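One line per chain: the protein sequences are D and Y, in this order. All residue numbers for the first sequence refer to the working numbering, where the first residue is 1 and numbers rise by one. All residue numbers for the second sequence refer to the working numbering, where the first residue is 1 and numbers rise by one.
FYI, nobody ran anything at the bench for these hints, they're computed from the structure. The structure presented is a predicted model; accordingly, all values stated were derived computationally and were not measured. Hints may be right or wrong, so weigh each one.
Which copy is meant is left open, so a pair is good if it fits within one copy or across any two.
[Stated by the list, open to error] In silico DSS-like pairs for lysine-lysine, Cα to Cα no more than 30 Å straight-line:
#1 LYS433 <-> LYS214
#2 LYS229 <-> LYS468
#3 LYS229 <-> LYS311
#4 LYS95 <-> LYS226
#5 LYS406 <-> LYS430
#6 LYS446 <-> LYS273
#7 LYS396 <-> LYS468
#8 LYS222 <-> LYS433
#9 LYS311 <-> LYS273
#10 LYS214 <-> LYS311
#11 LYS102 <-> LYS446
#12 LYS67 <-> LYS102
#13 LYS446 <-> LYS468
#14 LYS446 <-> LYS396
Take a look at the letters that make up each chain.
2 protein chains.
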Amino acid sequence: MANLRISIIGAGSAVFSMRIVSDLCKMPKLSGTEVVLMDIDEERLENFLVLARELTEFFGANLKFEKTLSLRKAIEGADFVINTALAGGHEYLNKVRAIGEKYGYYRGIDAQNYNFVTDYLNLTNWNQMTLFLKIANLIKELAPNAWYLQAANPVLEGTTLVSTETGIKMVGFCHGHFSVETLAELVGVKDYEWQVAGVNHGIWLTKFESRDGKNLYEELVKYADKPHKPSTPFDDQLSPVAWDMYRTYGLFPIGDTVRNSTWKYHRNLETKKRWYGEPWGGADSELGWEWYVSQLNAVVNMIELFAKAVKNGQKLTNAKDVVLNAIPHASEEWKNLIADLLDPSKLSREQHVPFIDSVVNSERRRFVVNVLNNGKIKGLDDDIAVEVCAYVEGEKFEFEEVSLPKRVLEWYLKPRTLLAKQALEVFKTKNLKLLEDILERDPRTKSSEQVRKVIDELYPIMLKEQKKVEEQE
Amino acid sequence: MANLRISIIGAGSAVFSMRIVSDLCKMPKLSGTEVVLMDIDEERLENFLVLARELTEFFGANLKFEKTLSLRKAIEGADFVINTALAGGHEYLNKVRAIGEKYGYYRGIDAQNYNFVTDYLNLTNWNQMTLFLKIANLIKELAPNAWYLQAANPVLEGTTLVSTETGIKMVGFCHGHFSVETLAELVGVKDYEWQVAGVNHGIWLTKFESRDGKNLYEELVKYADKPHKPSTPFDDQLSPVAWDMYRTYGLFPIGDTVRNSTWKYHRNLETKKRWYGEPWGGADSELGWEWYVSQLNAVVNMIELFAKAVKNGQKLTNAKDVVLNAIPHASEEWKNLIADLLDPSKLSREQHVPFIDSVVNSERRRFVVNVLNNGKIKGLDDDIAVEVCAYVEGEKFEFEEVSLPKRVLEWYLKPRTLLAKQALEVFKTKNLKLLEDILERDPRTKSSEQVRKVIDELYPIMLKEQKKVEEQE
Ligand SMILES: NC(=O)c1ccc[n+]([C@@H]2O[C@H](COP(=O)([O-])OP(=O)(O)OC[C@H]3O[C@@H](n4cnc5c(N)ncnc54)[C@H](O)[C@@H]3O)[C@@H](O)[C@H]2O)c1
Ligand SMILES: NC(=O)c1ccc[n+]([C@@H]2O[C@H](COP(=O)([O-])OP(=O)(O)OC[C@H]3O[C@@H](n4cnc5c(N)ncnc54)[C@H](O)[C@@H]3O)[C@@H](O)[C@H]2O)c1
């Protein structure tokens, strides 16, 4: 197909954008695509553009690039808009979290039962939700036939908000379900069938079978409570939390679901360490998150170095070595990332580009998608975004039948989706009594004064940051 | 209709039973009814039988009485079974509450957001739920065509449990909706239309209009935050809590709904006093409940005196004076109660007898009933008991159309019904991990050890008390 136009909003989110561009290079049928890179950070954008062009040349692919600081320009005429922006950046996350902690809300007020992922705010992120809506409304106006692909968090709230408010064509994507592979490795199977279902960051292993129909849960439980020493803060798929959640809810929690548990595992650093393992206590403790941010920063630095080397005339593989020479302790992850990006036979784990290919070229593939429920998961409201398995071919989605046990519905998914709806209502109405109500039920709240104070300090900041996005071009 | 047989389980709950018998005496079409009084407390039963017979003679009514200690005997051949028993009695309530408080759970572990009514346990009352099921199953076996009328709490959980598990004909009744009159008095209307809907102890004023169609909410809000000095701990319909709940949820909370708020109003005695008023801090504080229990005890004592006087040959009106002479400070409430019971033109506020009359004699009347939702309130699960307005005529229920705003659904009714379902699952499965899960999310929980300890101490008691009911004849 000629003249496909794909926009990446927040293209400065470099690792993500590299993966997208690398995937595009490896998809012959998407040859000729025009990629619009949009960000508000000019330097990041420029750096990434240099790398994107070089990557394309490296693969001998045919992609055209444009960059812009304007949302309107990015969206005009697009066929697909991928949003990976983080309004306010990590700085904003740190700020609202610090204010929460000042008033006794460990890890910030957004940390709530079933929602502990640190960059997955749903109460204080009015800027981010405003950006989602702004992009969606611009799509409606300027590219009404375009697909909106949501990569930025919160995917659950974002997909729900945009789909119910604008009705544009939309899918939210995450990659949490790849953790099923950890379980397959554990039980030593290569060839198996799996299915997950739930909501974003709250998905459950509804099927885990060998090809000959044997239920692999039976194998899995043989490893229950196997001692676990995490290699990174994110290495939690086999942590004691995962096993304990399995015992409580009756299905295995997959991917970031293990982070999204209850205060039982998150009460304080000591508790987190006990459950998610030493030394970090999981990705969302102060230690785990510090580790993550320093990794992100290291990668950003490397990308800068990388881009500089390329600008200085180095070819990609040489530039890669320049980075490694400059930072000899560059992590395994970085090395693997680069190796994968440059390996013509390997696609990244992001679903966006294969999805685009499936839609545009009617290539039937299986995805894990976030879309409005509308009956897909019985027992959940129709107007909430669920994460389920579906085959996509052209614009046709064929959703797999799924049945979630009452236990998971009533002890996890219903309370989680209630929180999502409440958070969205707070955002839409700006009714602070509702935000108050959430905090008055928060286990960390000792008095109504505490609630009032934290809201008093957060509210003007939330409004101001929302305004910034509203005024963005 | 001849040969109607009505059984009262827990007939020793004297005030309630007196009202039922007095109402029966005043319903000419129910003349000839046989009333079976069942209780496990022989003395209470005997006392009440004496009074019931005397009351019947006083009105010149035609009722026959039987008493029995056996559930089977009480239920065999019944047309209506009214259950007002409290398994374990107030002693049990005190015991489990004290254990909760020993481990830091102020007002006991059953006190939860949207469920603070002190004799409305749903987590530790396995005895009470077992009794509900036992009665229902005996009805199925021995009187399959009988109606089961649920007066005993928890009506929400009880009606849900019995209806989903046994499918017998059943209604739960409460009298909370009469508090609408307090609002009518406040705005000075005599003739008005009203409607409530929600779940038991969680009902909302969905209609409040003058006969000529004026929305009386507009009048009501003129009195918002009128200073309120409660005359009893139960005098909360116009308390600051009610106004604050109205502001948060957008509809006025009616009756016991005002008690069933969130920790915002219940955090500690001081908070309760601030919101429900001095000196008690509402019905469910340690002070308010002490007041209530002492009232209950006083009434029980008076009934004993009353019964003794009747046994000694006094007629009812004299016996009444004997009591008043013996206890000159007998409360207004007692005096009014007696006056109403003896007033041939006044029915009590209990809906049971009018309901029986409507069913048996096809007298069309309006009731507020608790029955399985099955679509009556959109947005709530089908398999949960809701409290709604309905006309009853014969066995036909004509439910009023009702629409509850999203706010009430998503901020009150959904979390409340989730709690009910979770509580019922704990009861049915005896899965202590689930009870743990509820407590791990409880604002009063500081550590998992605290959770384990309180459950360790409660669990054997809960089991033992359940067993007692299972072994009951
Ligand atoms: N769905 C997934 O699989 C997945 C996985 C990881 C991270 N995420 C999410 O992706 C998002 C980005 O995370 P990150 O760590 O890369 O953040 P980041 O801050 O490093 O990158 C985000 C980019 O967005 C840009 N940006 C900020 N405000 C913008 C605006 N108003 N308009 C356009 N661009 C803007 C920034 O300049 C930055 O380049 C977050 O929401 C994160 O939670 C999603
Ligand atoms: N629905 C309503 O409108 C409403 C209003 C007030 C109280 N209540 C409820 O009514 C119930 C009774 O309250 P109360 O204060 O009168 O209690 P109570 O203890 O004074 O009376 C209950 C009676 O039940 C009897 N009983 C206990 N275990 C029994 C068993 N296993 N079998 C048969 N009888 C048994 C007791 O002996 C006692 O006579 C409670 O559940 C209370 O919450 C309901």
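Against the structure, the hints:
In the homo-oligomer, the alpha carbons of LYS433 and LYS214 lie at most 30 Å apart only across protomers (28 Å), although the nearest pairing inside one protomer, at 52 Å, exceeds that limit. Taking the shortest Cα distances, LYS229 and LYS468 never come within 30 Å of each other, neither inside one copy (43 Å) nor across copies (48 Å). For the identical chains of this complex, LYS229 and LYS311 are neighbours neither inside a copy (42 Å) nor across copies (77 Å), given an alpha-carbon limit of 30 Å. Proximity of LYS95 to LYS226 under the C-alpha cut-off of 30 Å is found in neither arrangement, the shortest distances being 38 Å within a copy and 40 Å between copies.
Only between protomers do LYS406 and LYS430 lie at most 30 Å apart by alpha-carbon distance; the minimum there is 16 Å, versus 33 Å within a single protomer. Taking the shortest Cα distances, LYS446 and LYS273 sit within 30 Å of each other both inside one copy (25 Å) and across copies (16 Å). When the C-alpha separation of LYS396 and LYS468 is checked against a cutoff of 30 Å, the pair qualifies neither within a copy, at 37 Å, nor between copies, at 60 Å. In the homo-oligomer, the alpha carbons of LYS222 and LYS433 lie at most 30 Å apart only across protomers (20 Å), although the nearest pairing inside one protomer, at 49 Å, exceeds that limit.
Neither within a single protomer nor between protomers do LYS311 and LYS273 lie at most 30 Å apart by alpha-carbon distance, with minima of 44 Å and 70 Å respectively. Taking the shortest Cα distances, LYS214 and LYS311 never come within 30 Å of each other, neither inside one copy (55 Å) nor across copies (75 Å). Proximity of LYS102 and LYS446 under a CA criterion of 30 Å is satisfied in both settings, with 14 Å inside one chain copy and 19 Å between copies. Taking the shortest alpha-carbon separations for LYS67 and LYS102, neither the intra-copy value of 40 Å nor the inter-copy value of 65 Å comes in at or below 30 Å.
Taking the shortest Cα distances, LYS446 and LYS468 never come within 30 Å of each other, neither inside one copy (33 Å) nor across copies (40 Å). Proximity of LYS446 to LYS396 under the C-alpha cut-off of 30 Å is found in neither arrangement, the shortest distances being 51 Å within a copy and 50 Å between copies.
Checked against the numbered hints listed earlier, the structure breaks hints 2, 3, 4, 7, 9, 10, 12, 13 and 14; every other hint is satisfied.
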